[in-house]
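Following the hints, put chain B in place on chain A, whose structure we already have.
Respectively, the protein sequence lines represent chains A and B.
Residue numbers for the first sequence, in this note's numbering: 18 to 340.
Residue numbers for the second sequence, in this note's numbering: 2 to 120.
Rather than coming from a laboratory, the hints here were simulated on the basis of the structure.
All C-beta atoms in this analysis are idealised placements derived from N, C-alpha and C, irrespective of residue type, glycine included.
Careful, some of the hints might be misleading.
[Claimed, not checked] Simulated restraints on C-beta separations: (1) A:Arg316 x B:Ala28: 37 to 43 Å; (2) B:Val42 x A:Val328: 40 to 46 Å; (3) A:Val328 x B:Val29: 19 to 25 Å.
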Amino acid sequence: MTFLSDSALERLRAAADAPDLAGTRYRLLGKLGEGGMGGVFRVEDSTLEREVALKVINVDDPGLSARLLQEARVIAKLEHPGIVPVHDAGTLPAGRPYYTMKLVQGKRLDEMSNEAVGTSDRLRMFLRICEPVAFAHAHGVLHRDLKPANIMIGPFGEVLVMDWGLSKLLGEGIASSNNGATSEGWPANSAPAAFATAHGSVLGTPGYMAPEQRNGETVDQRADVYALGAILEFLLHDAQPRAAARLSAIWRKAKSEARSRRYASVTDLADDVSQFLDGLPVSAYPEGVLSRVWRWIARNRTWILLLLVYVVVRALLIFFRPR
Amino acid sequence: MNKPVLGLVLGGILGIFDGLSAWFTPAVRSQMMGIVIGSTVKGLIAGILIGYFARKVNSLALGIVFGLSVGLLLAYGVCMMQPGPNHYYFEIMLPGGIVGTIIGYATQRFGQQPRAIAD
Numbered sequence: 018m019t020f021l022s023d024s025a026l027e028r029l030r031a032a033a034d035a036p037d038l039a040g041t042r043y044r045l046l047g048k049l050g051e052g053g054m055g056g057v058f059r060v061e062d063s064t065l066e067r068e069v070a071l072k073v074i075n076v077d078d079p080g081l082s083a084r085l086l087q088e089a090r091v092i093a094k095l096e097h098p099g100i101v102p103v104h105d106a107g108t109l110p111a112g113r114p115y116y117t118m119k120l121v122q123g124k125r126l127d128e129m130s131n132e133a134v135g136t137s138d139r140l141r142m143f144l145r146i147c148e149p150v151a152f153a154h155a156h157g158v159l160h161r162d163l164k165p166a167n168i169m170i171g172p173f174g175e176v177l178v179m180d181w182g183l184s185k186l187l188g189e190g191i192a193s194s195n196n197g198a199t200s201e202g203w204p205a206n207s208a209p210a211a212f213a214t215a216h217g218s219v220l221g222t223p224g225y226m227a228p229e230q231r232n233g234e235t236v237d238q239r240a241d242v243y244a245l246g247a248i249l250e251f252l253l254h255d256a257q258p259r260a261a262a263r264l265s266a267i268w269r270k271a272k273s274e275a276r277s278r279r280y281a282s283v284t285d286l287a288d289d290v291s292q293f294l295d296g297l298p299v300s301a302y303p304e305g306v307l308s309r310v311w312r313w314i315a316r317n318r319t320w321i322l323l324l325l326v327y328v329v330v331r332a333l334l335i336f337f338r339p340r
Numbered sequence: 002m003n004k005p006v007l008g009l010v011l012g013g014i015l016g017i018f019d020g021l022s023a024w025f026t027p028a029v030r031s032q033m034m035g036i037v038i039g040s041t042v043k044g045l046i047a048g049i050l051i052g053y054f055a056r057k058v059n060s061l062a063l064g065i066v067f068g069l070s071v072g073l074l075l076a077y078g079v080c081m082m083q084p085g086p087n088h089y090y091f092e093i094m095l096p097g098g099i100v101g102t103i104i105g106y107a108t109q110r111f112g113q114q115p116r117a118i119a120d
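Excised from the complex, chain A in its bound form (with noise of 0.2 Å):
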């Protein structure tokens, strides 16, 4: 009897999970990411001779392959710079569903964490994230699976957020039941803390996911609210003391297990990041006379200095005027 090696075993796994492409426009390059119910896939579109990501469910299940549409539809109405634009959707000669998509090239939050950014970097980094999600909400989509391994940032610094396998649209009566809605959660290989229901399937990501999304309850635009805080609070976890106070009551405001508590709107959270650069208040942290006059001075100080020096020499030339 002979045994095959890892080596050989991992090559056959690696070319049964590939999905059969024969008759399409596309050439299989290699494995990107596998989720829950599928994989993603870089090939070669050989009409446009451009490398594209496709995604692809790998069992044969109808509402797998029904979300895998909603899905790819509902990227395709988000027409954002922040998020990955849908290029083709269709079903493989073996009737496996998949869409494609640009292909990312760059870095996951999450593989960014421990890289030397400046707070100030971050901060702007998170309103990107911010702005394409805040696009989505206004659009009538929440995301539900926001996490740092479902944001990548591409060479020239910009911020894409990816994985809409959960996302739903408002007004559809949004439950967020773990009886079936489920997610690849892509690169789900990445995300060893996926939350899994007792089926197998994939629901967010403990610590991202809001209470009520959690308990099945009725979910709106706070439960990405909640997931962008968590976000806030990953980026932030080394930021300096002095600003840490101000800062942390933003990201626990956004992470208020009630969600009454939460910013409403991605918007208001996205304000007071800007609020807090900007070196103004933030909502989520009165503050005294005497902190506000202190900042007032620390975001002013060359203009007071400027100041200063000019009523200094004044004084000093009528002190030494002349007799």
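What follows is chain B alone, placed relative to chain A:
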């Protein structure tokens, strides 16, 4: 408030204060009105020049250098107009330079840039 207007307002206000400081020099108290008017006009001219510069050049360092230069230059002109042998270079040019620096800084940091005209 756009940058030239900000420079104009700031130059005018600082010019008035600059002129009023002459009150502490008893020898020139009788000429207070002329000094305040002259100083205000000097501040207005400096303010609008520095404000226009800030509108064209977006650089804090260059704005401050330009403000200092304009402040010193205008103050030098005032010194040259002083009657008599004493031109008070130090007493006039030092505060004049600081006023120019303040306006240079303020117009670079604050004030709106003109909006681009749509095609």
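So does valine 42 of chain B sit 40 to 46 Å from valine 328 of chain A, Cβ to Cβ?
Violated - the Cβ-Cβ distance for valine 42 of chain B and valine 328 of chain A, about 22 Å, lies outside 40 to 46 Å.
Measuring from beta carbon to beta carbon, are arginine 316 of chain A and alanine 28 of chain B in 37 to 43 Å?
The hint (37 to 43 Å, Cβ to Cβ) holds, given that arginine 316 of chain A and alanine 28 of chain B are roughly 42 Å apart.
CB-CB spacing for valine 29 of chain B and valine 328 of chain A relative to the 19 to 25 Å hint
About 20 Å separates the Cβ atoms of valine 328 of chain A and valine 29 of chain B, which means 19 to 25 Å holds.
Taken one by one, the earlier hints fail for this structure only at number 2.
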